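Asks: Chain by chain, the residues:
Protein chains: 2
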Amino acid sequence: MSRAVTVGPLPGSRKAYRGDLRTPVREIELTTGQVVERYDTSGPYTQTDYVPDLQKGLPRRGRTRNHPTQLLAARAGEVTAEMAYVAAREHLPAELVRDEVAAGRAVIPANVNHPEAEPMIIGKRFLVKVNANIGTSAVTSSPAEEVEKMVWATRWGADTVMDLSTGPRIHETREWILRNSPVPIGTVPIYQALERVGGDPTALTWDVYRDVVIEQCEQGVDYLTVHAGVRMEYVPLTVGRKTGIVSRGGSILAAWCLAHHRENFLYTHFAELCEVLRTYDVTFSLGDGLRPGSVYDANDDAQLAELRTLGELTRVAKQHGVQTMIEGPGHVPMDKIAENVRLQQEWCDEAPFYTLGPLATDVAPGYDHITSAIGAAMIAWHGTAMLCYVTPKEHLGLPDRDDVKAGVIAYKIAAHAADVAKGHPGAQAQDDQLSDARFEFRWADQFALALDPETAQAFHDETLPAAPAKTAHFCSMCGPKFCSMRISHDLRANAEARTAEAGMAEAGMAAKSAEFRAGGAQIYLPVVNQ
Amino acid sequence: MSRAVTVGPLPGSRKAYRGDLRTPVREIELTTGQVVERYDTSGPYTQTDYVPDLQKGLPRRGRTRNHPTQLLAARAGEVTAEMAYVAAREHLPAELVRDEVAAGRAVIPANVNHPEAEPMIIGKRFLVKVNANIGTSAVTSSPAEEVEKMVWATRWGADTVMDLSTGPRIHETREWILRNSPVPIGTVPIYQALERVGGDPTALTWDVYRDVVIEQCEQGVDYLTVHAGVRMEYVPLTVGRKTGIVSRGGSILAAWCLAHHRENFLYTHFAELCEVLRTYDVTFSLGDGLRPGSVYDANDDAQLAELRTLGELTRVAKQHGVQTMIEGPGHVPMDKIAENVRLQQEWCDEAPFYTLGPLATDVAPGYDHITSAIGAAMIAWHGTAMLCYVTPKEHLGLPDRDDVKAGVIAYKIAAHAADVAKGHPGAQAQDDQLSDARFEFRWADQFALALDPETAQAFHDETLPAAPAKTAHFCSMCGPKFCSMRISHDLRANAEARTAEAGMAEAGMAAKSAEFRAGGAQIYLPVVNQ
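Residue numbers (UniProt numbering), protein chains in the order written: chain X, 1 to 530; chain B, 1 to 530.
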């Protein structure tokens, strides 16, 4: 396979590590001399000096365990190394991290066999996270491409990556991704189980599935999507739907249940599954196999019946000390978004919600990163802890590198917009830093502070490519003759001058007017009510 | 100038005209034989046979007037030709149109001197509309490019177009756009007034401005952005802002007020302005010159003080029989969006709200069509009647043709998502038609029903270019071996078979299981609670 992955810092940024725990940040030195930082998910690949060796993999972090899982440690009052690390990353108290994990309101997906990953936390009290899906399929792509997609996705801010490979070489692809990933990796084990039985859903057995799960846990997968809530009795509820069952995992298990007239083996063996996951501290991502695939099907009986069962399973998992999050829709019109969060939080004891979009409309294939960023921003504001991205290729094909980036950026926008709306500490400071740069015509700083510095600068250069335009006190929107921001500056400067000259208060209004006109029509700021 | 504009129907669509009023629709004939239609803004350019003559302009519609304005006609109980036309276009009763216009809750921007335009309505009881801004600037672009941008924007669904030209040839550019535009055209007359006084804001006078307004009304402009709410006393409220005054019109008038120590001449001469607009039935778009330019400044005193004044001016305009809508922000975090609509509706007597975005975050220059589509969808759901698009080039440069399309499509998504969330009659049917096509693997229909058929098909073809893939019962996501939608089909087929064979109820469960396994593991749908 090719060993080529993208390396080096983003334009205007440099990688740095903070404190004793060496938590990673993207550091931006502004032209004002101020240094600001951003949460960083990109691993060592964005260091200036890093030479990746994909064969060897990333450096490994040591792990010590006094308790099998983060959940059990937190309940025992322990602040683990991982908790301390994520607290430092998020600038929040370690005790808050511990308490949220202990209550099951947050998870730290960190398989003991994935020491390459930098710990991170998923919970509504923390920064909203973004997952990027990658993976080979039966009709296209290779392991080499997928490793680069993982590096690429984390470069733009993906907090976790799911390897959804379905074709041959599932194990090999996953191994390459895990050993080289700085972020937690999730999978859907039923895909590999299905490959193992020759693609026939009815040939699946608990034993095959369990073996696949053990293999993936051994390999280091951090969280597993498990469709244990697709109970046989719910499947008929999907018959009247517009788009049936759209989850691959959900439909595999529905087919199995109905062919055998038996309850979903993931449901009946759930306690055994908990024991396996606890051994490695792997986190459950309880899959919504009956999620709606169209706005027509949103919040219907099938979806909500499964959600209630996911709540029941959450309680079982927690009894076993296994960290758990809950997957959510899908396709949901805006007026039904809040209800999704309310019911999930109520029925699943506030376990972290991890939603796919949702798409707020079905009418725009080719633009579903946008239709879903709308829903994602709203649902995250209401309390979703992690958003699964959707790329422009959704419903149409497999995402390439550009699509991965488009999806990640759209979702970083949605996640950050939610952080701002929630009043998350430090979130709006990022907007303010960029707005300050904008108001002060610091173009280079605007680019560096942007979620995507490359695109911001490229768009600016299209119209005004010359270097002087980077320091010009105007832009191509108004042109050099007239600039609203420049007028605001004059206005502010005059207000400040006025304050300094408070003794002038007795001067007549007409005199002042003449004075300012004479001074080139700069502006004066009396509060005059007329 | 070049005469080249884009002509011909969208893929899978054809232009049609309905009924005696010949209201335009985009007609889509599905592979099922069903014919569906979409609201259409593209004018004759999307006819198969249309040969544009930009010199001659579009065909003109006759106008008869019993009252000076639509508002005065509606108040007198008259259903004008324009009201009947928009009612037919929107499949709503003409009396509803009349009543909403009479109450000032909707406007029909239709200058008597713009007979080329197809009447449309802006109000919260109707489809959410989208405006696209175009226009030459001091540093780039030509009239020829702007005409094509207008045709291009309406091709993708722009309901109105604003010509924001600021450089030389303002009059000429506008003339070309007006004579060839099938949609209402809006302008900001202060830009031309400023050109006329050599670019010096302090040299502006009411006389110069009035003459420009009369010229534009004579030419056929349908609505005018007027920043009459930028009162002198509000300007100091912007001094403590993060980004000052970001509206060009707002800053021009602020500069004028402060240089002269006099109240905004648009405010003091507002009644005279009403008389001019009434003569031509031109609609006010009361500009928010003090809109926030950053989430930091959202909903601040300056913005809200101006909004209260816009309410006062709305009442003056209505007394003069002039149709009026209100412009809104700008940059607003999600948690402050609903309040914008609530206050605007309350203070401005439910006059239609026309918002720019708003951007839900400032951190993503290069992607502000997305940051703002999030805010736009939400604010439209809460009651905004028209959305002013934002392109990917916002804050960075002037939009080219691709940017115009990206902006229009992002905003059609936002507008439609809001129509769906509002439960607007017929809106979700569009989603349902596409979802049906998706579930039934009718790929050609999915493309034709998409907001952008070209992109949808191109993305599909990237992965599966061969013609047979267009009828294949799978896609590149899962590949041919396993398809969740196909399983859902099998499931539904079996459910239907079961209903037909109700007499089989006595058959034993085990027997059925064997039967279905033997039948290739197709699926059976008992409601079994175990």
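For the record, the hints were derived by calculation from the structure and aren't laboratory data. From a predicted model like this one, the values you see are computed outputs, not experimental measurements. Each hint should be verified, as a subset may be incorrect.
Note that identical chains are pooled: a pair holds if it fits in a single copy or bridges any two copies.
As the list claims (entries may be wrong) - Restricting the straight-line Cα-Cα distance to at most 25 Å, the calculated cross-link-like pairs of lysine-lysine (DSS-like) are:
| hint | residue 1 | residue 2 |
| --- | --- | --- |
| 1 | 242 | 318 |
| 2 | 422 | 336 |
| 3 | 318 | 336 |
| 4 | 336 | 242 |
| 5 | 422 | 56 |
| 6 | 56 | 242 |
| 7 | 422 | 242 |
Asks: Run every hint past the structure and note whether it holds.
Replies: The hints, checked one at a time:
no.	hint	verdict
1	242 to 318	neither (35 Å within a copy, 47 Å between copies)
2	422 to 336	both (19 Å within a copy, 11 Å between copies)
3	318 to 336	neither (29 Å within a copy, 37 Å between copies)
4	336 to 242	within (17 Å within a copy, 35 Å between copies)
5	422 to 56	neither (41 Å within a copy, 55 Å between copies)
6	56 to 242	neither (48 Å within a copy, 49 Å between copies)
7	422 to 242	between (34 Å within a copy, 20 Å between copies)
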